[in-house]
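Sequences and hints are given; from them, build the entire structure.
Protein chains in written order, with my numbering: chain A, 1 to 272; chain Y, 1 to 147.
Think of the hints as simulated: they come from the structure by calculation, not from any bench.
With the Cβ distance kept under 7 Å, some of the chain A side facing chain Y (calculated, not the full set):
#: 1; residue: Y56
#: 2; residue: S192
#: 3; residue: C254
#: 4; residue: A258
Even glycine gets a Cβ: it sits at the ideal position worked out from N, Cα and C.
Here's the letter readout for the chains.
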Amino acid sequence: MAKEDKFDVVIVGAGITGAIAAKELTEQGFSVLILEAGAGKSFKFEDYQTYLDNYYTSTVRTPNAPFPATAGAPQPLITDQLGIENGIPQFAEGSYFHQVGPSTYQSTYTRQMGGTTLHWLGTCLRMLPSDFSEKTLYNSGKDWPINYYDLMPYYRAAELEIGVSADVDEQAFLGIEFEPSYVYPMNKVPQSYSDLKLQEWTKYAQFKYDGTSYDYSVVSVPQGRNSTPNPAYNNGKGYVPVGAVGNPDIGQRCEGNAACVPICSVQENTMH
Amino acid sequence: MNKSMKTKRLLFEELSAVLTGFSLADIQGTGLSSLYLEVFEDKDPDAINNLLSAFEKFDTESGKLSDDDLILISGALEDKYLRPISQQLILMWYTGQWNFGEPDTYVISKEAYIESFSFRAAGSHPAGAKQPGYGTWQFPPQTFLEE
Ligand SMILES: Cc1cc2nc3c(=O)[nH]c(=O)nc-3n(C[C@H](O)[C@H](O)[C@H](O)COP(=O)(O)OP(=O)(O)OC[C@H]3O[C@@H](n4cnc5c(N)ncnc54)[C@H](O)[C@@H]3O)c2cc1C
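Laid out in C-alpha cells, this is it:
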C-alpha cells in the first residue's frame, strides 16, 4: 500500500465489483483504497494452495469449505440452510443469516480477498431482451428502466474481464443479439459427452406447451473458464488468458478438475 | 520371503489389498500405508494387531488367495471383534476418512482424500485433483471389460 493517507476513492469489499471499479478508476488516474474485511490469502500461489488443502481435508465440501471465515468477517454457510417448511425457509441456530420476509437468500457468499468469484460457477449468460419487459409482454414481474441494447457494451466489457468462453452463433437465441463482428474472447468449452448424447437423442423430439410444439435445443453455456483463446477476438488481435496468481504458466486452460465450485485447482475460473 | 521376516507394513498392505479388492501395487502406489497403519496403531493397537495376526497365516505370496483361504477369511471377518476393524480399514482406503459416516469422522490427510479408492472404483477422479485434462469431459465414460 502506498504511504498516502488521502485517497480519491475508498472501495469497501475486494470482490469482483470492487476490483473492477478500482481498475477502472486507477486507469483514469484516481488513487483508490480498497478495504476488505476477510483474509487476504489470494495474493500468493502458496497461500492459494492452503485453500486447496482445506478443500481436500473437509468432510463436507461446501462452497465455503476452502475459505475459512475470520473473526472480523463471518460468512454464511450452505449448511445453515435447513430447507423450506410451509413456504418458509429455515436456518440453523446461530447461522450467519437473519432473514425475514417471503423470499430469502438461499445461497452463500465468500468474505475473503477475491470475494464470491473464488467459488462461483462461472456461468456467464446474457439476459434475454424480453427479460427487460416482462410486465409489458407477459403481465408478470416488472419492466426494467433499461433494455438489452443499453447493456450490450457492458456485457462486452464483462466478457473481456472474465475471459468468457462461448460461441456467438450458438448464443444468438430467443432474441439475443451481438454486434456484427463480435466474438467471445475464448471459443466455446467443448460440450460434455452427456450433452452430446442429449443433443443426439432429442434431435427429432418435440415437447408441447400450451398447445404449441417446440423443438429441443441443447446448447453450451457461456463460461468464465478457460477453453482455447479465439484468434478472431478484438478484430483479429486475439485474446490471451491470465494464468494463476503468482504462477501464470498454469491455469491457461480448464483441466477438468470438476471442482469449480468451490475451488478451481488451477485458478482458471477465479477472478484475480 | 520367510513369513517371519515379513514387515508389519507389508502384512498390512497385503491385508488391505485382500479387503479392498485393489492390487498390492495399487495399495503401495498410494504411499499411504505407513500413515494408515500408524492411525490404526494410534487409535486401536489391539484391534489392528489381532486382525493382522488372524491374517498372517494365509499365504499371499502369489498375490492371489486360494478359494479355501478366501472362505476362511470371510469367516474370520464375521468375528465380532475383527469385523468392525476390517470395515474401518475398507472405508479408510475408499474414503480417506477415519470413522467415515460417524460424527467424529475426519479426512486423514489431503493425500488420503486424493488417493481414496472410491473415485477409482467409479472410474472417475477426486474432484479438485488428478485432473483428467482439457476436453476429456467429451470422451465416452470408461468401461471396464471383464478379464
Ligand atoms: C455458489 C455460488 C455460485 C455462483 N455462480 C455464479 C455463476 O455461475 N454466474 C454468475 O454470474 N454468478 C454466480 N454467483 C454470484 C456471483 O459470484 C456474485 O454475485 C459475485 O461474485 C458478487 O461479487 P461482489 O463483488 O458484488 O461481492 P462479493 O464477491 O461477495 O464481495 C464482497 C466483498 O466485500 C467484503 N465486505 C463486505 N462488507 C464489508 C465491510 N463492511 N468492510 C470490508 N469488507 C467488506 C466481503 O468480505 C467480500 O470479500 C454465484 C454465487 C455463489 C454463492
